[in-house]
Amino acid sequence: MNVISVDGLSKSYGKGTTQVNALQDVSFQVNQGEFVAVVGASGSGKSTLLHLLGGLDKPSGGYVHIDGENLYAFKEKERAVFRRRKIGFIFQSYNLIPVLNVEENIQLPLLLDHRQPDKAYINDLIRTLGLHERRKHLPSELSGGQQQRVAIGRALAYRPAIILADEPTGNLDSANGREVIELLKLSVRQYHQTVIIITHDMNIAAEADRVLHLQDGRLQSDTRSLGRGV
Amino acid sequence: MRSYGAMAGKYLKQQRKRTILTIVGIVLSVALISALGTMGQTLKDNLIQNTKYQDGAFYFGYDEPTPELYDSLRKHVLVDQLGYYRAGEPRPLDNSVDVTIAEADGDALQLFPIHLYKGRLPAAPDELAVEQWILERLPGSPGLNGSTQLTGPGGEPRDYRIVGILNNDKISQVNGDSLAFTLADPANMRIDAEAILLLTLKSGVDISDQIDDFTKLNSSLFTNNTLLAYMGESGDDNLNTALAVIFGTLIGLVVLSTVAVIYNAFHIAVLERVRQFGLLRTLGATPAQIRNLVLREATVLSTIGVPVGLLVGWFGLWCALWLMTQVGLKILMMETFELTFHWWIFAGSFAIGYVSVYLAAWLPARKASSVSPVDAAKGAGGIVRETYRRARIPSLLSLAGVEGRMASNNIRRNRTKFRITTFSIVISIMLFIVFHYFTQQMLTMTTTTNEADRIAFGLTRAAVADESGNAPAPGELIPDELVEEIGALPGVENVYGVYPSITFPSLVPETKLNGDIRTDTSVNYEKTNVGGVENNQVWTRIVIYDEAGLQQAAKYLHSGTTDPGKLAEADNVLLIQTIKPVLNNGKRKIMDLARYKVGDKISVWTNSGTPGEEPNIREVTVAGILTESPFDSPYQGSMLTIISAQTTFAKLLDEAAGEYPPSEYNAERRGLEIALQDGADAEPIRTKLQDIARSHPGSSLNDYAEHQKETRNFNLQMRIFVYGFLVVIGVIGSLNIVNTVQTNLLLRRREIGLLQAVGMTMGQIRKMATSEGVWFGVIGSFWGILLGVLMSSFLHKQLNNVQGFPFQFPWGASLIACAAALIVGLISVQGPLRKMEKANLLEELREEA
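Those protein sequences? They're chains A and B, same order as listed.
The numbers in the first sequence follow the working numbering, run straight up by one, and end at 230.
The numbers in the second sequence follow the working numbering, run straight up by one, and end at 1849.
No lab work stands behind these hints, which were simulated from the structure alone.
Ideal placement from N, C-alpha and C gives every residue a C-beta, glycine not left out.
Do not rely on the hints blindly, as some may be mistaken.
Said to hold, decoys possible - Pairs of lysine-lysine residues, derived as DSS-like cross-links and limited to a Cα-Cα distance of at most 30 Å, are as follows:
#1 B/Lys1367 with A/Lys15
#2 B/Lys1010 with A/Lys136
#3 B/Lys1052 with B/Lys1709
#4 A/Lys136 with B/Lys1017
#5 B/Lys1589 with B/Lys1527
#6 A/Lys119 with B/Lys1013
#7 B/Lys1010 with A/Lys77
#8 A/Lys119 with B/Lys1010
#9 A/Lys86 with B/Lys1367
#10 A/Lys119 with A/Lys77
#11 B/Lys1688 with B/Lys1597
#12 B/Lys1367 with A/Lys75
#13 B/Lys1555 with B/Lys1597
#14 B/Lys1597 with B/Lys1587
#15 B/Lys1010 with A/Lys86
#16 A/Lys58 with B/Lys1017
#17 B/Lys1216 with A/Lys136
#18 A/Lys77 with B/Lys1367
Stated by the list, open to error - Computed footprint of chain A on chain B, listed as stretches where at least three residues anywhere in the stretch have a Cβ under 8 Å from a Cβ of chain A:
#19 1011–1018
#20 1285–1293
Work the whole structure out from these sequences, hints included.
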């Protein structure tokens, strides 16, 4: 079943001679439960694609359908609500809220929706992430790997259908990076979530069900790993 | 955490320094507005009280009433108090003074300016309140509660009991006619053209609206102008409008600066967190939720800051005034001086504080909610999009080396921050200049402060023969030893000689006369042709100052010298050419009559009073020009004033022997005026002077000590207000600058750490920050002075509707404000810089932006 459907997606910045086409006519579909890696050189349009999939930016052309809903037909506010319910983001630089502790950072998407968090689930999540001892710590008191685990926890808190991760291991050493990927894979298995991950690391890409290769804003190839996928 | 909204509180708690800076901004602003409101209101109350004391508490009156008018006023629903007052004929006493008995009913005794010194006001038609000085001259020289027989208001002899002693009035002593008060007999009240009715209206009645209706009842209505003007109820709409515009402008300015300070504090705090708000957007926060978060912070901050600000404002003011009265003015007994509490000022400050915070929060909140989540997600570094503008003209700062160039780039890189910082300095400077200008003008308008203020006693002596039949010669009336003796009394500040004065026409050429006099006033100087040259004949008062007088005159010197030695030689004189004529529109205006300069010669026509004679012209040389008269009233209406030494005066007198016979006129001292130090005890001096007067036949002592003390006290109170105002404005303005500059710097700690990391020394950073501070100071000063002066000139236009005077560029205030802004700016960067110097470089770099 298609959970993401991208059709003729384009994004350009600037005008006239200074116009940069970050993304040109990209189309693909992603099924539920797929673990997709997006690879490509710097400036190939990976992050732009991820931002457009998450409804953070507006495309210059084309469509993004998530769960059958046209993401860009929503109004600003509706898109924000849609995002917090359906999409979880993980960034290379963690982007945690510095004044909130581990637990609060993880619960934040639920609180934004005026919902009381499911204590058992959150506790389970924190334990799974190995953050139980540090649940009351502020981000500044955590290591990079721990901070990224909090970011993953936050992305999983709402049990979103889709997790978008922008080089989540970019700032981590290989052991911590490995751990993060295992957690993401676990969430695909455990909660049947769809994960799209941007990476430079071909080892990570090799573990994905599918690899989308972008070059100069175009989708160069769409490779399914042998023996994996749906 | 129960809801995302709790994040606001967490932000504030974690970012303690930023929160405190913001709260300090709010506290300062609310303190400013409540302190200024309280001071303004107290000032107004004080002026009203003083006017009631000086001119009476009535709103208006009728000086030719009829019995019908009295009846209709008694029944009038709007009338609160209605007083009847009727002065009798002056009745001569034996010793060449008159006493006039006025009858007044209970209301009139309250409404009329009667200044009780001892005892009480009369409560029966046979009771009397009299001035202190006349007491011993009344038949039987009664004391308080003594009896005397006088001619009553109706002309019948009557026994009176003295129940009250009134303060001495200067004019009544000079004229030798004293006013005494008795209670009118209700059965014998004679309401005729000799009587006066005095009224107040019930509270809440719009007085200015009613004046026309009351004039219709009887056209002899007169108003208590000054009181009504201070109450904002003048019959002159122009005056009411002018006052409303003036106070509206001042309040507007203060409100504007309040909003600016709060906006400034809040805006910077929000601006620096825009990325965090962007992050929330990536998590699915709606713009409304972000706005809510910022407004929630605003609520918390204002809930702390506004009440604290109110307290700080009130107690700060209280402490400042207490200190001023304790330290500087302890000698003065300021019993009447107290702050008045007005709930509306607190409510107003409260409302303005809250509204300002929300206003200040609303714009940044909108900005925060509209921040692009993509930018936030991209993370590191440029959180706030900084629109670096390439300068068209290279900045002067570039001359200060690489640090200067960095400073110049820093200033230009963020337009909003630049504007906020500059605006905050501009508003501080402008506020100071405008308030300085306004308060100084207020002082000039409400107080006449010259050396005459300190004169408490006057001693004059006529050449009367003593028991042995010897009359003193003119030069011996007041011997020098007597002057020295009085001058040595404790509490005496100065003793000035009183000399005769004469008035001659001066011949002022057209080129020296200010043409505005002809166009703006009805003053018209007669043209005189002497020796084939046509000149304007301007009346000129010539007076003598002794050395003590000339010493005081130096304070009023515009140009030239007041050196007694210089004035004694070669017909040198001092000139006062500034006058205050009545303009064609009925207002008074201070302006120059002539345009003489030091060294110019003035032709005095000494025999104009004897027609047919060949004109006798004598030239005197202007050695110095004074801005106003140090004694007497500061300005003449249409005359020049020449101050000369005794020798020059004697020479002029010689020339005018025809008009001023030497048998009656001379240049000798005939009296003394005694000025007291502030807070001096007048009683021993009074006793001593009374002794002197008794032992020198022909002497008479005038006693204005009480009145002088009151005037002096009022003037000092006004000064306290004015300087209190300026201190408050200065402190708040400075703190505003400190807050802005320090916030700006503290929020750039990480960046400065980065600069250190790439090899900038702390010295270089200091130079960079200092250059920025100086540059902000220069730009702020430029706009501050420009706007301040424009605003002052606008206020001057409005004040001109009240009383005319020339606009003077507020140089002093401008310079003080700019120098203070620069110094405060420079000092305030030092603290944060020192802190950064001590801090760990890595910590700074690691700190989340």
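*With a cut-off of 30 Å on the C-alpha distance, tell me whether B/Lys1010 and A/Lys77 pass.*
holds, 25 Å
*Are the Cα atoms of B/Lys1589 and B/Lys1527 separated by 30 Å or less?*
holds, 24 Å
*Starting from A/Lys119, check that the Cα of B/Lys1013 is at most 30 Å away, please.*
Measuring from Cα to Cα gives roughly 26 Å; hence the hint holds.
*For the region 1011–1018 of chain B, does the count of residues with a C-beta closer than 8 Å to a C-beta of chain A reach 3?*
holds (count 4)
*Given the hinted pair B/Lys1010 and A/Lys136, is their alpha-carbon gap at most 30 Å?*
holds, 14 Å
_Restraint check for A/Lys136 with B/Lys1017, where alpha carbons must lie at most 30 Å apart_ = This hinted pair holds, its Cα atoms lying about 23 Å apart.
*Hey, A/Lys119 versus A/Lys77, does the alpha-carbon distance stay inside 30 Å?*
Answer holds: A/Lys119 to A/Lys77 is near 28 Å, not above 30 Å.
*Are B/Lys1367 and A/Lys15 close enough, with their CA atoms no more than 30 Å apart?*
Judged against 30 Å, a Cα distance of about 25 Å means the pair holds.
_For a C-alpha distance cap of 30 Å, please report whether B/Lys1555 and B/Lys1597 respect it._
holds, 18 Å
*Quick check: the region 1285–1293 of chain B, covered by chain A? Criterion 3+ residues, Cβ under 8 Å.*
Answer holds; 5 residues pass the 8 Å Cβ test.
*Going straight from one Cα to the other, do B/Lys1216 and A/Lys136 come out at no more than 30 Å?*
violated, 83 Å
*Would the pair A/Lys77 and B/Lys1367 pass a check requiring their Cα atoms to be no farther apart than 30 Å?*
Since the Cα atoms of A/Lys77 and B/Lys1367 sit roughly 16 Å apart, the hinted pair holds (cutoff 30 Å).
Against the hints set out earlier in the document, violations occur for numbers 11, 16, 17.
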